[in-house]
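*Asks:* With chain R held as given, fit chains A and U onto it using these hints.
Protein chains in written order, with the numbering used here: chain R, 1 to 280; chain A, 1001 to 1608; chain U, 2001 to 2317.
Mixed in with the good hints, there may be bad ones.
[Claimed, not checked] Here are the computed distance ranges between Cβ atoms for each label pair:
1) Arg166(R) x Arg1557(A): 16 to 26 Å
2) Ala2099(U) x Leu1335(A): 30 to 40 Å
3) Leu1335(A) x Gly126(R): 17 to 27 Å
4) Ala2137(U) x Gly1137(A): 39 to 49 Å
5) Gly31(R) x Leu2158(U): 34 to 44 Å
6) Arg2279(U) x Gln82(R): 29 to 39 Å
7) Gly126(R) x Gly2228(U): 55 to 65 Å
8) Thr34(R) x Thr2193(U): 14 to 24 Å
9) Gly31(R) x Val1318(A): 51 to 61 Å
10) Ala2099(U) x Leu1191(A): 37 to 47 Å
11) Thr2193(U) x Arg244(R): 18 to 28 Å
12) Phe2146(U) x Thr34(R): 50 to 60 Å
13) Pro86(R) x Thr2004(U): 47 to 57 Å
Hints were generated in silico from the structure; no laboratory data involved.
Just so it is clear, CB atoms sit at the ideal spot from N, CA and C, and this is done for glycine as well.
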Amino acid sequence: MSIQPANPPASGTAPGSEPILQARGVTMRFGGLTAVDGVDLDVAGGEIVGLIGPNGAGKTTFFNCLTGLYPPTAGSITFRGQRLAPKPYRVAEAGISRTFQNIRLFPNMTALENVMVGRHCRTREGLLSAIGRGPRYRAAEREARQTARELLSFLDLDRHASAIARSLPYGDQRKLEIARALASDPGLLLLDEPAAGMNPRETLALRETIFKIRQRGLSVVVIEHDMRFIFNLCDRLVVLARGRKLTEGRPDEVRADERVIATYLGTAPGTAEQEASDAR
Amino acid sequence: MTTSSSLSTGQTGATGLTSLSRATRRRLGQGAHPLVGKCLIALGSAAALGSTFLAWTWTTAFPGDLTVTGYPGGNQLITLFLSILTLLALAPALVPGGLPGTRWMAPRGSARLLRGLALANAASTGYVVIAIAWELGGVANYVAGTWIAGASALLAVLGAWLLPDDDHEPAPARPTPRWAQVVVVFVVVMLGLLVADFGVTTGFSEEFIGFCLGAGFAGRGLAASGLFDRFSALTAANRTATGCAVLAAAVSFVFLQSSDAYTSVADNILIFATVALGLNIVVGLAGLLDLGYVAFLGVGAYTAALVSGTAASRYAHVVLPFWAQALIGVAVSVLAGLLIGAPTLRLRGDYLAIVTLGFGEIFRITMNNLDGQSGPQVTNGAEGEYGIPDLRLFGYDFGRPHTVLGHTLGRFGNYYLLLVLVIAVVIFIFARVDDSRIGRAWAAIREDETAAEAMGVHGYRFKLLAFGLGAGLAGLAGTIQGHLTSTVTPDQYTFSSSAPPNSAFLLAAVVLGGMGTISGPLLGASLLFLIPDKLQFFHNKQLLLFGIALIVMMRLRPEGLVPDKRRRLEFHERETAAEEAYEELVADGLDGADGSDGLDELEAGARA
Amino acid sequence: MSVTVLLQLVENGLVLGAMYGLIAVGYTMVYGTIQLINFAHGEIFMLGGFGALTVYAWIPGVAHLPLLAALPLMLLGGVVVAVAAAVGAERLAYRPLRAAPRLAPLITAIGLSLALQQVVSLWYRLPGGGNAKAPVAFPSFGGKAFNLGGVLVQRADLFTVIAAAVCMAALAWFVARTRSGRAMQATAQDPDTARLMGIDPDRMIVVAFAVGAALAAVAALTQGLRYGQISFDMGFVAGLKAFTAAVLGGIGNVRGAMLGGIVLGLAEELSSGILAHFRDTAQYGQAWADVWAFVLLILVLLLRPQGLLGERVADRA
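This is chain R alone, in the form it adopts within the complex (with noise of 0.2 Å):
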């Protein structure tokens, strides 16, 4: 088993490249719960950014309210120098796309149709060219369906084009998504524990295709629970606790940091017996 010895070096934004992403004070209240509390985030091109944090610490609706799936209380998020409306469908547009900590594949359509999903909003073919099937309806069928095939085999899922999505083994799944989500051409790729219940084997592979997906010119950001594939993979970290962004760095900086380990410990004040209560 042979570990990537170095990642490429590069800690936080570099200077004179501007950040594809500029998440800037995001908090997101449900009722009297502050979930997500004033959290900043920059993410340059061809980066891969982990997101990581205890239970509870706010990494999902973060998320969640990156690709406008809540609507976030305060603050602003700009995507390639756009500000981004709060609509799942307007994120996904502006390149961004996501895969889901439970995965949400389409469960009855196919292994391709999924990716086609994921191909929709490159294309614009409405009712009438859909009824009238001219050529440039099919040429553009014809590469959604080429694109989707590509990222299949990209992924090394081929072999699944036309099975059911339900039917597929859990790693498979989850790779699924990664296609589903690279069909439409993002410049940002949000990973939501995409190694969970994956053996070493298959998180090794995973960190290898995450590393290809960079190598298109994406940037990723991945939430994981599983340190050593995250410490290995990420360029740059975030520390999330208890909505709150603790700190950010490099890999070895975060390792190093007291209040990371306390975070994780439970030595924090408040989080410290429902922590060490889950530690047992």
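*Replies:* Frame of chain R, contents of chains A and U only:
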């Protein structure tokens, strides 16, 4: 041993046989030589065939005149046909090792096919035998032919159940030249036409029931033997040819009719089926429950009627050509659909159901009130628009008989051809939209709207599109319906009434037939129209039975008689669905409960 | 338009609204617990009416009692029939579909609604051999209306308002003070946690159906008393209106249901009454009342889909 067990089975009767457990059947099958079963089928079917040339009763009191010796009539025709079919299916099995070139007849094994056909014959024949005694008052009305018919049909079923199971995975179809495939498709579709024609033109309820029993069980046998799958693979590979064949068959139906009597029935079925197909776009493809769908039919019918030149219209002086009426009718329907859908489709699906229910009611009230007393005179109120003139298209007057190819087409025949064209257009649209970016978006919304939106599908827009498209298609059907019935009244367009089409019937047709399919609503609409039409005793209980049918279908076979593959999966993923609901709940919270291994990992990482 | 006429419209609207509210509670309670629009609730209401009528017409002696003495017996009959029908429907038709796609229970509810109407229309019989295919006479209060400064208050109106007030008070007590009521609230908010806390959600769902049905039976009794007749298809429009009331008040909110009912009743009576009063608009009055109610529903969905007292209802993750 064989005799004793077959005796004891014989006593359970035809229906009891179906419920024989597989184990029992296997035990019987093991004891009996396969040839015994085959011989019994051959003997029974041949005898049943012969019995149709005998009289089945003394009196002509039983409809269809079964008193004639020498040639079959009435229900005997069904028995005759099914007996021949059984014998044909049996023939290859009688040759040791199978007759070469006949394996296609039962890709999954001939035992299931033979059981289905024998059961069909027994059910249909047995029903007549019982009906003769029931209606005429006792078995005194039986003659030798009756006994022979009943006993031999039972004998064939017994033989079929003694056959050993020979279920197997179907072998791949042998490659056949394209022209041969097309010929097969045409022949099968034409045979289907003849069967459908027989069903539509059955003259009395006994014949119709016998037909339904026979067709239903035979269809089950054909499906179980894998023949249907093979044929649908063939049609899928030759879509254009299939389309042409079906269209040709549908057109030739009217040329098989000697009078307009059954053409008018067919017209009504076509209108009903067209609207049901439109509803299936909304319910089956987009997953939106529309309970006021018939109102869009009404919008189309009223709009066309108002500008058709009827004296009852406020705009009696406006007489537009039909294409203009159709355009306006569709446009107004779509507009109504968007007006109703726009505020409602942003909300949960349940709201749409109740708003459309309300809309259907409001449409009726409004049409009633625009009578000059409760409102301005527009629609002539409860009396409705009457005297709507017949259609004229390109100088072709739909009200007059025309002679085409030596066959005289009456008024209903003219409309029939137009309606075939319209339903063909609707099917074309349905199929193309379903298999497109839009159809995929609908499927995605139906399966997981949140995920669909995250993938860039504008859920609201596509739901509105489905709703508007459905409304437009119903409106189109309405513009013709107004001319066909020559009167439109508000009471034609209610949620539930005793005559189709109304919203409850339409929903039942879609649910019974199969959501998301094309042939489902066609079958559903035909059945739901024909059953009350043919069975008079059923007439005042149809709504009750449809209501019960909806409940039972949702419980036992929610995917309908003709299931859509994806729908079937959706409805039978109960455990999965429950899990997903739970996951959603968890995901709705902050972060999930899993992934608690984070601490160990960090510890490990921190120590390293 | 005189103040008396206006007050009379308000009185009519309040009474009508109280009845809508009583039915609406059933929609809202069932929706609150299992997010199902129980289309058959209108038929439960109708069955409540026929249950009450059955006691009156079939049990010897009841018809000879003074109406006020017969009312409790009739009410009991109506409640028993309605509750039995609602609980039976839940048990046999809805519960097996708890995990099925959303469309399945909705279609089942439609089927149930059709079937229940037809059962009454086909097989209900009166002692004299009369059937229920046409509207059936229902006992009504004799006697003159109370005159409150020109505003006429019918005896049945008074009964309706009192019945609605008593029911709502009892319901409030039930929800806030009893174990079942609190368990029901818990189930509505989070069925899974409630289950972990030892609450049987199935039982709570049955309770929601039963309570809704009981109030619908009360509403049916008031409807019969006010109009002097009931019919097998009266559940259709009443159900539609009551659902509108439930949405208006914020579906899932019990107090909202009654408030929504009263607002709807007032809106209906005032809009049609005021339109009918003026010559230019007279023809848009009574005959259009249902249309105005529906327009109100559309407007509410457009402008305030969460209803007057409700929370957010838009479908989100």
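*Asks:* Give a verdict on every hint.
*Replies:* Hint-by-hint comparison with the structure:
1. Between Arg166(R) and Arg1557(A), the C-beta spacing of about 20 Å keeps the proposed range 16 to 26 Å intact.
2. Evaluation of the 30 to 40 Å hint for Ala2099(U) and Leu1335(A) yields a pass: the beta carbon distance comes to about 39 Å.
3. The hint said 17 to 27 Å for the Cβ distance between Leu1335(A) and Gly126(R), and at roughly 18 Å that hint holds.
4. A C-beta distance of roughly 42 Å is found between Ala2137(U) and Gly1137(A), which places it inside the suggested range of 39 to 49 Å.
5. Taking 34 to 44 Å as the suggested C-beta distance range, the pair Gly31(R) and Leu2158(U) conforms, at roughly 42 Å.
6. Taking the beta carbon of each, Arg2279(U) and Gln82(R) are about 58 Å apart, not inside 29 to 39 Å as hinted.
7. The beta-carbon spacing between Gly126(R) and Gly2228(U), approximately 57 Å, falls within the hinted interval of 55 to 65 Å.
8. The hinted range of 14 to 24 Å is satisfied by Thr34(R) and Thr2193(U), whose Cβ atoms lie roughly 21 Å apart.
9. Range check, Gly31(R) to Val1318(A): about 59 Å between beta-carbon atoms, so the 51 to 61 Å window is met.
10. Our hint of 37 to 47 Å for Ala2099(U) and Leu1191(A) holds, since their Cβ atoms are close to 42 Å apart.
11. Evaluation of the 18 to 28 Å hint for Thr2193(U) and Arg244(R) yields a pass: the beta carbon distance comes to about 27 Å.
12. Between Phe2146(U) and Thr34(R) the Cβ separation comes to about 56 Å, which falls inside the hinted range of 50 to 60 Å.
13. About 53 Å separates the C-beta atoms of Pro86(R) and Thr2004(U), a value consistent with the hinted range of 47 to 57 Å.
Hint check: a violation occurs at hint 6 only; the rest are consistent with the structure.
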